[in-house]
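These protein sequence lines are chains A and B, in that order. FYI, the numbering for the first sequence is 1 to 281, going by this note's numbering. FYI, the numbering for the second sequence is 1 to 483, going by this note's numbering.
The hints are simulated quantities; they were obtained by calculation from the structure and are not laboratory data. If a hint is listed, it holds; no wrong ones were tucked in.
Think about it this way: if two alpha-carbon atoms lie no more than 16 Å apart in a straight line, the pair counts; the simulated EDC-like pairs of lysine to aspartate or glutamate are:
1) A:Lys75 to A:Glu22
2) A:Lys128 to B:Glu7
3) B:Lys187 to B:Glu269
4) A:Lys93 to A:Asp184
5) A:Lys165 to B:Asp416
6) A:Lys234 to A:Glu196
7) A:Lys234 to A:Asp204
8) A:Lys126 to B:Glu7
9) B:Lys281 to B:Glu435
10) A:Lys75 to A:Asp27
11) A:Lys126 to A:Glu99
12) A:Lys128 to B:Asp474
Partial list, computed: chain B residues near chain A (C-beta under 8 Å):
13) Ile6
14) Thr470
15) Phe473
16) Asp474
Predicted model only: the values in this text are computed from it and were never measured. Glycine included, every Cβ here is placed at the ideal spot set by N, Cα and C.
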Amino acid sequence: MLKFFYNRQSSGWEYGTRYSAEETTADVLIFGASRAQQQYIPTYIEDSLHLSCYNVGRDGTPFFYHYAVLQAVLKRYTPKMIILDCEYAALKKTTSSYERLSPLLPLYSNHPEMQPVIQLRSPFEKYKFISHIYPYNSMLFKIGVANLESNKIKQQDIKGYVAMKGSLHEPLKTIDHTVKYELDSIKVNMLDSFIEQCRQRNIDLYFVCPPYYMNTIGTDYSFAVTKQKAAEKKIDFIDYSKDSMFLRSPQLFDDTVHVNFTGSKIFSAMIAGELKKRIKK
Amino acid sequence: MIFNSIEFILFFVITLAVHYLLPSRFRWIWALAASTFFYAYAQPAYVPIPAGIALIPYFAGIQLENTGSEKKRQQFFIISTIVIVGILVFFKYSNFFTNTITELVNIIRQKALHSTNTVTNNLLINIAAPLGISYITFQAIGYLIEIKRGNHTAEKHLGHFITYLFFFPKIIAGPVERAHHFLPQLKEPKPFNYDYFTDGAKQLLWGLFKKIVIADRMAIYVNAVYNNYEHHSGITLLVASIFYVLQIYTDFSGYTDMALGIAKMFGFELMPNFNRPLLAKSVTEFWRRWHMSLSTWFADYFYNPIAIEKRNWGTWAVIYASFVTFTVLGFWHGANWTFIVFGFLQGLILSIEIFTRKQRKKLRKKIPQWLNDSTGILFTFGYFGFSSIFFRANSVGDALNIIKKILAFKGPLFTDSTSMLLFLLLAAFYLAAYEFKKEFFDNRFTLSANKYWLIRNGYYCMLIVIILATAVFDGGEFIYFQF
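Use the sequences and the hints to build the structure in full.
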């Protein structure tokens with residue numbers, strides 16, 4: 001029953017995850033966590049590049065999630081372009097990263113290509129699927145609400161993009177990024193594999209870092225590693241993290257790491273224009 | 001290896017199967033081996049510490065019993081107690097004491113010498129305290145006191161004695177088991193008892209339910225709010241503080257139910273720890289229902305001796321004993337001023353309750369019973385919730401800021417999603433329904449002990465389905481593991 005209603009969803013985040021893995025055939029896909037989901041408006045990219053676009057980003061997800069979704073996508077078709085959102089500490093080793101793969105659990109049984117990633121959650125993960133309720137753990141109400149027609153009107157997204165409505169009113173803070181932290185070797189290897197798979201399928205891969213509302217001392221370690229890999233593999237790294245216009249405009253942010261709807265519109269127009277220029281080259 | 005992990009399930013099933021395959025007289029060896037493995041799984045290098053602590057009361061107990069001279073008995077007792085408590089203090093409190101002294105030195109230097117140079121604490125110990133050290137210490141001291149008082153004889157079997165202290169369901173977070181209650185159970189032949197076994201399994205399941213369906217669900221909200229309290233409104237902080245009371249209760253009582261259930265499945269009975277404390281009608285009653293194995297330990301070995309020694313002070317003796325006991329009890333929770341304030345607040349309210357006992361009794365006669373009871377329950381819950389703000393906050397300053405914000409009672413309520421809110425309300429509803437039913441209608445509307453097989457087992461199947469569908473499987477450790 002849970003499976004039936006999960007598959008019947010027509011709105012909400014669980015729907016977004018399933019749609020990303022099983023249905024989208026967009027030319028351009030945007031991968032990432034909350035900074036992807038809440039900052040890139042696909043319609044701006046569609047208008048600029050004349051290609052279909054879908055934002056497969058999802059709030060609170062680690063790099064493993066993006067990698068698993070890529071496996072599901074590549075099994076079905078080859079997109080023309082992928083934008084991978086880059087954020088600070090994306091490759092940092094944390095136990096919570098593994099726990100945050102839970103949105104993928106309902107897809108486990110139908111997607112063998114995702115299974116090795118989902119099994120990273122724990123050595124006993126595959127045995128938990130003996131229960132057919134487990135994959136839908138903690139999704140009961142989400143699935144219920146997402147089956148309501150009224151939720152479609154209330155929970156609107158724009159091709160995967162979810163707008164943030166707040167506005168920041170605080171002075172610029174300075175964050176120290178000089179301290180190195182432990183990188184998660186699995187995440188680093190997955191990033192390499194992500195790049196390699198895109199290269200093999202001739203997908204235009206772009207690394208993009210949207211604006212932050214913070215000054216930084218030094219460079220975040222994950223950021224530095226990703227930048228280095230981009231340079232080595234000749235991937236365009238488009239960096240707006242210290243964009244001066246955004247740094248002067250707290251009103252364009254919902255919080256220090258996410259732009260709001262107005263900020264998203266400006267940023268999406270900027271990145272769409274930038275991508276158009278780079279494609280022409 | 002926490003009780004709600006797959007690793008533990010594997011360990012538990014194997015341990016239980018072997019336990020019942022062995023003849024009764026060898027089972028203590030298996031229990032000790034399994035308990036040592038359980039402990040070593042978390043902190044392999046630390047096993048010698050509790051093992052070393054266990055040897056002190058064992059030998060001291062025998063010496064106490066064999067020594068005729070009262071003076072020598074007293075000396076043995078004091079020395080062994082100091083050594084046991086010293087080990088606890090070293091691991092748990094040395095950083096707190098050295099930090100406090102360093103801060104005091106710096107304040108004095110700044111005030112008296114007008115020096116801006118500060119002294120740094122070079123005596124910091126960068127090791128975690130061994131798991132369960134407090135519980136082992138309490139049990140060891142309680143055992144020695146009982147022998148010194150002549151209430152019990154010393155245990156001569158070293159293996160049995162270490163098994164008593166190490167028994168894995170209780171080694172990490174209690175209950176603070178009494179030797180005279182547990183040790184005889186090790187010596188009795190224990191054939192498999194189906195009813196006892198299934199009772200244990202049911203208690204284990206209910207404990208698991210409380211931990212992963214209620215406590216860990218509450219923890220998501222409470223942690224999100226308390227870890228960023230500056231960004232949350234007074235109303236949100238109030239709601240998080242209420243949820244924290246439910247979280248800490250279900251977390252700890254869930255752990256206890258699991259410990260008691262596991263022990264029962266092995267054929268052992270451990271002391272109960274909770275008796276629906278959130279429905280207590282006064283704070284005095286609350287502490288008779290909350291963490292009972294520890295509060296009775298403190299009553300027997302701390303509070304009563306103080307109150308008896310100062311009995312010529314009259315009521316003040318009880319008040320003095322309450323303050324000292326609860327401040328120490330607060331400090332036991334951790335080397336932080338927040339816990340000391342928490343304990344002090346308990347001592348304060350207990351003193352007020354002692355002073356106002358007669359007036360409250362008179363007042364009770366004038367108002368209806370239901371009003372008196374519900375006011376008492378609400379006040380006790382509210383006061384415990386208020387003092388728990390200190391328990392949960394990272395510092396006394398943070399706690400005061402949180403209270404200030406709550407009193408302002410302004411701002412929106414933080415709800416991450418409708419789904420989260422519904423899960424929280426559902427979890428609170430489960431708990432309230434269960435506790436009210438147990439408290440006021442214990443023998444009525446019973447599902448778990450219903451005479452019909454279908455209803456009884458249907459209820460447990462429903463619990464399992466709810467666990468699978470709504471539990472938080474990525475939740476953290478039990479709160480009381482840190483103490």
